[in-house]
Amino acid sequence: MRTRRALTAAACGMALLAAAGCGSSYDDEADAPQDEGGGSQKLTVLIATSGEAETAAVQAAADAYEAESGNTVEVQVAQDMNQQLGQAFAGGEPPDVFYVDSSQFANYAHGGSLYPYGDEITDVDDFSPSLRQSFTYEDQLVCVPKDTSSLGLVVNTGLWQEAGLTEADYPTTWDELSAVAAQLTGGDVTGLVTSNEYQRLGAFMKQAGGWVTDETQTEVTAASPENTEALEFVQGMLADGSMRFAADVDAGWAGEAFGKGRAAMTIEGSWLAGAMELDFPDIAYTVLPLPEGPAGPGTLAFTNCWGVAQDSAHRESAVELVEFLTQGEQQIAMGEAFGAIPSRQSAAAEYLAAHPEDEAWGASGEGVQGPVTARGFDRVLAQFNTDLESLRTGDPEAILSDLQRYGEAALEENQ
Amino acid sequence: MSRAVETGPRRSRRSGRQGVWGWLFVSPATLVLGLFLLLPILMALWVSLLHWDGQSDPFTGGETDFVGLDNYRELFTRDGLDRTLFATSLRNNAYYVLFFVPLATGLALTLALVVNQRLLRGRGALRTTFYFPSVTSTVAVSTVFLFLFQGSGAVNGVLSWFGMKGPNWFADARGVVWVVLGGLGLVDPDHPSGLLAEHDFLGLSWFEWLSGPSVAMCTLLFLAIWTSSGTFMLIFLAALQDVPRELEEAAALDGVTRRQMLWHVTLPALRPVLFLVLTLALIGSWQVFDMVYVMGQGAPGNTTLTPAFLSYQSGFGEADYGQGAAIAFILFAIILLCTGAQRLLLRERTARTSRKAVR
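Order-wise, the sequence lines are chains X and S.
Residue 252 in numbering that gives the first Met the number 0 sits at position 253 of the first sequence, and the numbers go up by one each step.
Residue 327 in numbering that gives the first Met the number 0 sits at position 328 of the second sequence, and the numbers go up by one each step.
Don't read these hints as lab results, they were simulated from the structure.
Possibly wrong hints are sitting among the right ones.
[Claimed, not checked] Sample of chain X residues at the chain S side, in silico, Cβ under 8 Å:
| id | residue |
| --- | --- |
| 1 | THR48 |
| 2 | GLN78 |
| 3 | ASN81 |
| 4 | ASN106 |
| 5 | GLY110 |
| 6 | ALA246 |
| 7 | ASP377 |
| 8 | VAL379 |
| 9 | GLN382 |
| 10 | GLU388 |
| 11 | SER389 |
| 12 | ARG391 |
| 13 | THR392 |
| 14 | PRO395 |
| 15 | GLN403 |
| 16 | TYR405 |
This one's a predicted model, so the numbers in the text were calculated from it and none came from an experiment.
Each residue gets a CB set at the ideal place from its N, CA and C atoms; glycine is no exception.
One chain only, chain X, in its complex shape (with noise of 0.2 Å):
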């Protein structure tokens, strides 16, 4: 008997030691170690690709950065960003480069894995103040914005005409928008498709005033009068069927339908492009900028940032490699490939000139709202889309009652 509970022990024992060993990869110390050995460093750069053409631009850009600084770089394509991401860091062995995607950011930085590099960066507040607000943490700009894209109000321009509608008959304001929206409507078309969700339909509340937060994130806003007054307004267009949900059409996302014409008008940003080159070559569109609703313009934009890892070994190369992906030339180079365009200003209004179809798509500036990314907000804004879902028929206030009560015990958490 005894010699068993020894040998089970002693199992038991060994389990452990080897589950230690395992475990022992994590770095422990304040600061990782770095590796300030002359020659070449290699650098890993993990994204999230939205196609063939994204990986190529980013390839030909880490290829030139291989050229001018003599390291070498390694660009991996991740299937899903936030599990492998996730993974690396509890591993103790992150990617030195990565894309960090807008709802993760707090986390990570709260986390202690973003290497906050923002005043290394020259020239930084040429970069649109709206998406440097939402990429900092605890007043330190953390990372920054790799391009940028606002929410744009995209015509078919063929529909339009069959509608008998002209180019003086574009919507600036709220009202126009539902009059062209129930013209257009008629068959199989929807005037105006769109997704249930707070990246779309904040616009609304933007315009009129309101949004989920205060411009610090420190404030839950979302039971507002403004905010209720733009989801009474889309429940309006929704009551009459002149603006629909994607799911309600049969499609996928607002760009699928619209694609399919069966949505004459959708609101997206400029991934939009890409996706149109693709799937639907031959359909002609407009992006116009959204009306302006009680509180005048107002639109939502987003993006990921080029995260640095605080566990990389080379923190001062992969700076080195962000701020080359990040200059003018290279944006522009990457806006050209696959439509995204340049978070720093003074490219985007170059890449802009040259191309004027575009130019709802880079707003910056006033009314212009980055995402949300204050800590432990993902879920609460994922129930608020659920919620969205049935906001043809249920109750906007009693929704933003919600979303305020949710978002404020979140951020009480976070204190």
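Add chain S to chain X, keeping to what the hints say.
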């Protein structure tokens, strides 16, 4: 008794030595099991007691944020989004189990009885056909179903031949109970009122608890029953072929009808296998994940959210690994309880007493 005392020391010494050898021989397997099964479970249990964001080592002291049962409390007692989501996922999965287990088992048994008939022509072809859905990958089948059940998809096309207008299956979050009762004009599903709307349990109103599976969940159920009944059929078929011919012949001599034969001869002989199939179905249906991941990730209206998917989402989506692990352990407990209850219900009462009598 006295013999046992006499031989006691010698036997125990021998069995002791045998024990050592035994342990030695099974030690590789034990080590592997311990390292890759038991240890990760214990590690997960530890993580479920932490507030861990996945960016530090949870097993060294100091850095870890030990919160005790906080993750469990958030799921059961603290009013908030976490509890509502968890309760919703439990409701969805409970309805899923409620429909899946009996329907899949019943269908599988029926199919097995059909293809077990000796006089049936083309048995081989039928067996292959019924088993086929189980061989194909769930992910592939799910993707095909997404197209079949679109608002303007093939299923609604067929329904329209009969003058019926099918719902937009995957975008329909209405619970079928209220759809049916609403269709009969008994309740107004859009405006719940009275007792059902005012009372709630775990942050979900009674109205929501009683809604039944949503229309979207029904398509998932249909898919699951269709794909898994083949496997269960195979198990039943193997067992049916083991039922002794003599039993059936004896019963036939006694002049039983086919129904009596089924109830009093075949089914009792299948009892252990029935338990196996029910257990497999129960465990499988509490862990449903892949279909949910492919077909909607909880949408529409969180009605296809399951605890397994919620656990994944909390962990890898929101970097709240503690809560993800806590959900996984609650799921584990639910499965254990259900299987235990089922074992109790299906135990062989008569057989046990007779065995005791023999002893």
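Cross-check of the supplied hints:
1. For THR48/X, the interface hint is violated, since its Cβ never comes within 8 Å of a Cβ in chain S; the closest pair sits about 19 Å apart.
2. The interface hint given for GLN78/X is broken, as the beta carbon of that residue sits about 13 Å from the closest beta carbon of chain S, more than 8 Å.
3. Taken as an interface hint, ASN81/X checks out: its beta carbon lies about 6 Å from the nearest beta carbon of chain S, inside 8 Å.
4. With 8 Å as the threshold, the beta carbon of ASN106/X comes within range of chain S, its nearest partner Cβ sitting at about 4 Å, so the hint holds.
5. Satisfaction of the interface hint for GLY110/X is found here, the shortest Cβ-Cβ separation to chain S being roughly 3 Å, below the 8 Å cut-off.
6. For ALA246/X, the suggested interface contact is upheld, since its CB lies about 4 Å from the closest CB of chain S, less than 8 Å.
7. The interface hint given for ASP377/X is met, as the beta carbon of that residue sits about 5 Å from the closest beta carbon of chain S, less than 8 Å.
8. At about 6 Å, the closest approach between the beta carbon of VAL379/X and any beta carbon in chain S falls short of 8 Å, and the interface hint on this residue holds.
9. For GLN382/X, the interface hint holds, since its Cβ comes within 8 Å of a Cβ in chain S; the closest pair sits about 6 Å apart.
10. For GLU388/X, the interface hint holds, since its Cβ comes within 8 Å of a Cβ in chain S; the closest pair sits about 6 Å apart.
11. For SER389/X, the shortest C-beta to C-beta distance to chain S is roughly 6 Å, which falls under 8 Å, so the interface hint holds.
12. The restraint placing ARG391/X at the interface with chain S is violated, with a minimum CB-CB distance near 11 Å, outside the 8 Å limit.
13. At its closest, the beta carbon of THR392/X sits 6 Å from a beta carbon of chain S; the interface hint therefore holds under the 8 Å criterion.
14. Hint status for PRO395/X relative to chain S: violated, with the closest Cβ pair at about 16 Å, above 8 Å.
15. Checking GLN403/X against chain S: minimum C-beta separation of about 12 Å lies over 8 Å; hint violated.
16. Hint on TYR405/X holds. Least Cβ distance to chain S is approximately 4 Å, under the 8 Å limit.
The earlier numbered hints that this structure contradicts are 1, 2, 12, 14 and 15.
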